[in-house]
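Undergrad: Residue-level listing of the chains:
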Amino acid sequence: MRANYKLFILFLVFAGRVESAQPDTGELHRLQTGLERMLNENIVSFWYPETLDPAGGFRLHHDGQGDWLGPADKVLVVQARTVWFFSRLYNDGYGGEEHIEAAKHGFEFLRDKMWDPVFGGFFWAVDDAGQIATRPHKHLYAQSFALYALAEYVKATADTSAFDLAQDLFDLLDEKAHDVEYGGYQEWFLRNWQPGPQPGAYMATPPGGKLMNTHLHLMEALTAYYLVSGDERVRERLLELMFVQANAVVRKRLGVCTDKYQRDWTPILEPPHNRVSYGHDIENVWLLIAAHNAAGLTNVPQRDLYRQLMDYALKYGFDHETGGFYSAGKFDAPADERQKVFWVQAEGMVAALTMYRETGELKYWQAFVKTYDWVVERQADWAHGDWHAVIDKDGAMLGAKAGRWKSPYHNGRAVLESLRLLKKMRAEWQP
Amino acid sequence: MLARLMLCSCLLAASAVAAEPEVLGERARTLRKILYENMLPFWYPQSIDKQHGGYRLNHDIQGIYQGDSPKYVVTQARMLWFFSRLYRSGLGDTRHLEAARHGYEFMRDALWDSEYGGFHWAVDVEGKQATMADRHLYGQAFGLYALSEYALASDDIEAKKLAETHFALLEERAHDKQYGGYIEYFRRDWSHAPADSMTFFYTTPATKLMNTHLHLMEAMTSYYRLTRDPLARERLIELIQIQSNAVWRKRHGACTDGYQLDWTPLTGRWYGLVYYGHDIENVWMLIEALDGAELSKGPFRDFMRRMWDYGLEKGYDHEQGGFFYTGRLGQHAGRKNKVFWVQGEAMLSALHMYQLTGKTHYFEYFSDILRWIDVHQVDWENGEWFEEIDVQGRAKGVKAGEWKAAYHHGRAVMECLLILQDLQREQLSP
Numbered sequence: 001m002r003a004n005y006k007l008f009i010l011f012l013v014f015a016g017r018v019e020s021a022q023p024d025t026g027e028l029h030r031l032q033t034g035l036e037r038m039l040n041e042n043i044v045s046f047w048y049p050e051t052l053d054p055a056g057g058f059r060l061h062h063d064g065q066g067d068w069l070g071p072a073d074k075v076l077v078v079q080a081r082t083v084w085f086f087s088r089l090y091n092d093g094y095g096g097e098e099h100i101e102a103a104k105h106g107f108e109f110l111r112d113k114m115w116d117p118v119f120g121g122f123f124w125a126v127d128d129a130g131q132i133a134t135r136p137h138k139h140l141y142a143q144s145f146a147l148y149a150l151a152e153y154v155k156a157t158a159d160t161s162a163f164d165l166a167q168d169l170f171d172l173l174d175e176k177a178h179d180v181e182y183g184g185y186q187e188w189f190l191r192n193w194q195p196g197p198q199p200g201a202y203m204a205t206p207p208g209g210k211l212m213n214t215h216l217h218l219m220e221a222l223t224a225y226y227l228v229s230g231d232e233r234v235r236e237r238l239l240e241l242m243f244v245q246a247n248a249v250v251r252k253r254l255g256v257c258t259d260k261y262q263r264d265w266t267p268i269l270e271p272p273h274n275r276v277s278y279g280h281d282i283e284n285v286w287l288l289i290a291a292h293n294a295a296g297l298t299n300v301p302q303r304d305l306y307r308q309l310m311d312y313a314l315k316y317g318f319d320h321e322t323g324g325f326y327s328a329g330k331f332d333a334p335a336d337e338r339q340k341v342f343w344v345q346a347e348g349m350v351a352a353l354t355m356y357r358e359t360g361e362l363k364y365w366q367a368f369v370k371t372y373d374w375v376v377e378r379q380a381d382w383a384h385g386d387w388h389a390v391i392d393k394d395g396a397m398l399g400a401k402a403g404r405w406k407s408p409y410h411n412g413r414a415v416l417e418s419l420r421l422l423k424k425m426r427a428e429w430q431p
Numbered sequence: 001m002l003a004r005l006m007l008c009s010c011l012l013a014a015s016a017v018a019a020e021p022e023v024l025g026e027r028a029r030t031l032r033k034i035l036y037e038n039m040l041p042f043w044y045p046q047s048i049d050k051q052h053g054g055y056r057l058n059h060d061i062q063g064i065y066q067g068d069s070p071k072y073v074v075t076q077a078r079m080l081w082f083f084s085r086l087y088r089s090g091l092g093d094t095r096h097l098e099a100a101r102h103g104y105e106f107m108r109d110a111l112w113d114s115e116y117g118g119f120h121w122a123v124d125v126e127g128k129q130a131t132m133a134d135r136h137l138y139g140q141a142f143g144l145y146a147l148s149e150y151a152l153a154s155d156d157i158e159a160k161k162l163a164e165t166h167f168a169l170l171e172e173r174a175h176d177k178q179y180g181g182y183i184e185y186f187r188r189d190w191s192h193a194p195a196d197s198m199t200f201f202y203t204t205p206a207t208k209l210m211n212t213h214l215h216l217m218e219a220m221t222s223y224y225r226l227t228r229d230p231l232a233r234e235r236l237i238e239l240i241q242i243q244s245n246a247v248w249r250k251r252h253g254a255c256t257d258g259y260q261l262d263w264t265p266l267t268g269r270w271y272g273l274v275y276y277g278h279d280i281e282n283v284w285m286l287i288e289a290l291d292g293a294e295l296s297k298g299p300f301r302d303f304m305r306r307m308w309d310y311g312l313e314k315g316y317d318h319e320q321g322g323f324f325y326t327g328r329l330g331q332h333a334g335r336k337n338k339v340f341w342v343q344g345e346a347m348l349s350a351l352h353m354y355q356l357t358g359k360t361h362y363f364e365y366f367s368d369i370l371r372w373i374d375v376h377q378v379d380w381e382n383g384e385w386f387e388e389i390d391v392q393g394r395a396k397g398v399k400a401g402e403w404k405a406a407y408h409h410g411r412a413v414m415e416c417l418l419i420l421q422d423l424q425r426e427q428l429s430p
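Line by line, the protein sequences are chains A and B. Numbering-wise, the first sequence is residues 1 to 431 according to our numbering. Numbering-wise, the second sequence is residues 1 to 430 according to our numbering.
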């Protein structure tokens, strides 16, 4: 009896400790409200309807104040990302009919102006009017965003022409670019799908080689496309990309990813390639978790890897004072590029929250909250809308609001993903 | 380190001749001599227990039979696997299929538990009574591996059915749907053993071992080749992930053995050990598993190379050839005895790596390990390999017993011969 009593006390102490260490309903409410405000008043309000180009597609050419700078080439990466964003906004119940119309507007430009009717696949860039392919060659990085956008758009609209286009693109990539011998994809091709010229790759892919970054986004795209297609061939490619992202691109002794590879996945580590980009590593963590979930595989055997990548970024790449993730650094050394880039904060939020959900470890929750607070206080531009591209180490705000790399995809997704996870936590909440 | 560098420079000099036809032929001759003059005369026909069924495996260091002893699923299954593979590979003949059939019948009639399903860990010599009836997945893995290989060798529908029953049972009772991998230890009736009880591996029932999952991956590869069951492929993929990630201490580049159910690594004296043989064995089994599941090996090349690098740096005998037994994580080998199975697995792993990467230093390590085996590990006088050669060069152990059968090194010799045939064929083709 006495022993039981002691155990009971011990249980109370333990339970109390656990409870006080967990996020409480008040905090969950604060975060959800704050994120919804950011979505509506900072992000959507900036991109809609401002970026819809009456001539087709999206106009994405805005300076740091959010002022439009006039016509510019339309670049597949960001055209696709913006289609993706409006589709996802709608799919998550935060967008209305006007937003799915905006997605449709962007999809039609992809289909009619950016798809190459002669050789298949999408151009890297076309002119403002969509009449001329200004950068006609094919890089898998951009193709992956097109597939990602098509998949999310199909989910929103069940548009069969979009589904057919996604299927054509997947088949084409399988035929032209999938590397049967070494796994993953060959990345860089001429417009006609002959091997790309060197130098001159749009993404600095090494001659005949491969990038972690490209394969990260291929994994992301196939995750989304598998979920809408249920096609077993897609799952096979997805599994391979998961092995690439969980093994080939990881420098395991260090606990980091590196970016450049020979075709057979031999890492290229000569300077300047012996560096860590924290944003890519932690983005990889949550996209791997999402890929495993989509493919119906357990994440548990991979937790050791996820922890290793996250903990490295938290150790060397996290600003423990004001929150947020730095940009890059040397191996096994603190960050030496200490600016805060918008997309790194976005991926950091989702990665930290996903890891908290995966492991229950409080340090990940704290990293999420601190990054969120940094974004609300510093990265978000409440005066002109959207997020500052860069806050440099002295606090200066730099970079454009919209351009050939910047669109509502990273930060919009971060807010939507975080909301999805927080709402799950509130639904599962047991006081 | 110096010794390693010196060896490397010798190897570079020798690399031009590494895999020329006469070198391949020479290695194959040595392996054939070991298989046909050292191993087979020892195991066949004397290991066949004509009186009680199954195999008699109780021979001292000189190869002298020590009399009746219990029959263990691990080694009974390993012998069944050996004879089946010998026949199916074309390196043996119908006598060996008969020897396999003989072992299969004992597995089916005496070791298989018709009441609760699964294999007993051990039965008495006559196969009448279970002497150790608890279920350990390590033993079950060998059961499934042997049944699958026998069914492939014999086309025996009944053996295939038993393998399917066994797989379904493991799926229902032991597959860990929550954390991945398998729960390892059960009572005879597949109820969970008490948390404080001790398994046959001196672990708690809630421990997961790299070693067990290594052999589950091996078994699942064969079972999937036999059945093409998509569910088996899913389990194989999960085991590939476990063996290439969860059990690998990435900072060091080596595997450790013990894990909690959720794959949190166990630490401490017992679990801080690296078994070089398991790591090197893991490399080639992953190659086989990926081939079996028709998955690309490319994404795992870095992992495989790192595993080999660790073994070569910490656990390889750069003077005499061959791998030492164990060492603490991150340190050089502490136990430097040469164990038979470690040499067998390492020889095969080196040749697989050569075939996969075309890097000639792997062929040189293959040759170096084979040389050690031929000169030291093989007992040319009394047959079979010595279980162990200690640091003073003394032979120790037994020839056949509770753990020792013809499987590790018999497999290594057979599979190396088959790979050499492939390599020779590739050289002949224009």
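Quick caveat, the hints were computed from the structure, so don't treat them as lab data. The reader is advised that the hints may include incorrect statements.
Derived DSBU-like pairs (lysine-lysine); straight-line CA-CA distance at most 35 Å [unchecked claim]:
1. 297(B) x 176(A)
2. 128(B) x 50(B)
3. 359(B) x 176(A)
4. 252(A) x 359(B)
5. 33(B) x 50(B)
6. 250(B) x 393(A)
7. 260(A) x 128(B)
8. 177(B) x 50(B)
9. 315(A) x 393(A)
10. 330(A) x 359(B)
11. 336(B) x 155(A)
12. 250(B) x 363(A)
13. 330(A) x 50(B)
14. 155(A) x 33(B)
15. 297(B) x 252(A)
16. 260(A) x 297(B)
17. 315(A) x 297(B)
18. 330(A) x 250(B)
19. 177(B) x 423(A)
20. 252(A) x 50(B)
21. 252(A) x 160(B)
22. 315(A) x 177(B)
23. 363(A) x 315(A)
24. 315(A) x 155(A)
25. 50(B) x 424(A)
26. 260(A) x 50(B)
27. 250(B) x 424(A)
28. 177(B) x 250(B)
29. 250(B) x 315(A)
30. 363(A) x 177(B)
31. 252(A) x 250(B)
Here the structure is a predicted model, which means the values were calculated and not measured.
Undergrad: If a hint holds in the structure, say so; if it doesn't, say that too.
TA: Hints versus structure:
1. For the suggested pair residue 297(B) and residue 176(A), the alpha carbons sit about 20 Å apart, so the restraint of at most 35 Å is met.
2. The hinted pair formed by residue 128(B) and residue 50(B) meets the criterion: a straight-line CA distance of about 15 Å does not exceed 35 Å.
3. Of the pairs offered as hints, the one joining residue 359(B) and residue 176(A) holds, with about 29 Å between alpha carbons and a cut-off of 35 Å not exceeded.
4. Annotation: proposed proximity of residue 252(A) to residue 359(B) holds, straight-line Cα distance about 22 Å (limit 35 Å).
5. Taking the CA atoms of residue 33(B) and residue 50(B), the gap is about 28 Å. The hint holds against a cut of 35 Å.
6. This hinted pair checks out: residue 250(B) and residue 393(A) have alpha carbons roughly 33 Å apart, not beyond 35 Å.
7. For a cut-off of 35 Å, the pair hint linking residue 260(A) to residue 128(B) is broken: about 62 Å separates their Cα positions.
8. Our distance criterion of 35 Å between C-alpha atoms is broken by residue 177(B) and residue 50(B), whose separation comes to about 43 Å.
9. Our distance criterion of 35 Å between C-alpha atoms is met by residue 315(A) and residue 393(A), whose separation comes to about 18 Å.
10. Distance restraint check for residue 330(A) and residue 359(B): the Cα-Cα separation of roughly 30 Å lies within the 35 Å cut-off, and the hinted pair is therefore satisfied.
11. For the hint pairing residue 336(B) with residue 155(A), the CA-to-CA distance comes to about 60 Å; that exceeds 35 Å, so the pair is violated.
12. The suggested pairing of residue 250(B) with residue 363(A) holds, with an alpha-carbon distance near 22 Å, which does not exceed 35 Å.
13. Restraint check for residue 330(A) and residue 50(B): the C-alpha separation of about 67 Å exceeds 35 Å, so the hint is violated.
14. Proximity of residue 155(A) to residue 33(B) is assessed by CA-CA distance (about 64 Å); at most 35 Å being required, the pair is judged violated.
15. For a cut-off of 35 Å, the pair hint linking residue 297(B) to residue 252(A) stands: about 17 Å separates their Cα positions.
16. Restraint check for residue 260(A) and residue 297(B): the C-alpha separation of about 19 Å stays at or below 35 Å, so the hint holds.
17. Taken as a hint, the residue 315(A) and residue 297(B) pair is honoured in the structure, with Cα atoms around 32 Å apart against an allowance of 35 Å.
18. In summary, the hint linking residue 330(A) to residue 250(B) is supported, as the alpha carbons are separated by about 19 Å, within the 35 Å threshold.
19. Using a Cα cut-off of 35 Å, the hinted pair residue 177(B) and residue 423(A) holds, with the two alpha carbons roughly 26 Å apart.
20. Distance restraint check for residue 252(A) and residue 50(B): the Cα-Cα separation of roughly 52 Å exceeds the 35 Å cut-off, and the hinted pair is therefore not satisfied.
21. Distance hint between residue 252(A) and residue 160(B) is unfulfilled; the C-alpha atoms sit about 40 Å from each other, more than 35 Å.
22. For the hint linking residue 315(A) to residue 177(B), the alpha-carbon distance of about 33 Å falls within 35 Å, and the restraint holds.
23. Using a Cα cut-off of 35 Å, the hinted pair residue 363(A) and residue 315(A) holds, with the two alpha carbons roughly 11 Å apart.
24. Straight-line distance between C-alpha atoms of residue 315(A) and residue 155(A) comes to about 38 Å, which puts the hinted pair past the 35 Å bound.
25. Restraint check: the Cα-Cα separation between residue 50(B) and residue 424(A) comes to about 65 Å, which exceeds 35 Å; the hinted pair is violated.
26. Simply put, residue 260(A) and residue 50(B) have alpha-carbon atoms about 62 Å apart, too far for the 35 Å limit, and the pair is violated.
27. The straight-line distance between the Cα atoms of residue 250(B) and residue 424(A) is roughly 33 Å, inside the 35 Å bound, and the hint therefore holds.
28. Restraint check for residue 177(B) and residue 250(B): satisfied, since their Cα atoms lie roughly 25 Å apart, inside the 35 Å limit.
29. A hinted pair counts as satisfied when its Cα atoms are at most 35 Å apart, and residue 250(B) with residue 315(A) qualifies at roughly 17 Å.
30. Restraint check for residue 363(A) and residue 177(B): the C-alpha separation of about 27 Å stays at or below 35 Å, so the hint holds.
31. About 5 Å separates the Cα atoms of residue 252(A) and residue 250(B), which keeps this hinted pair within 35 Å; it holds.
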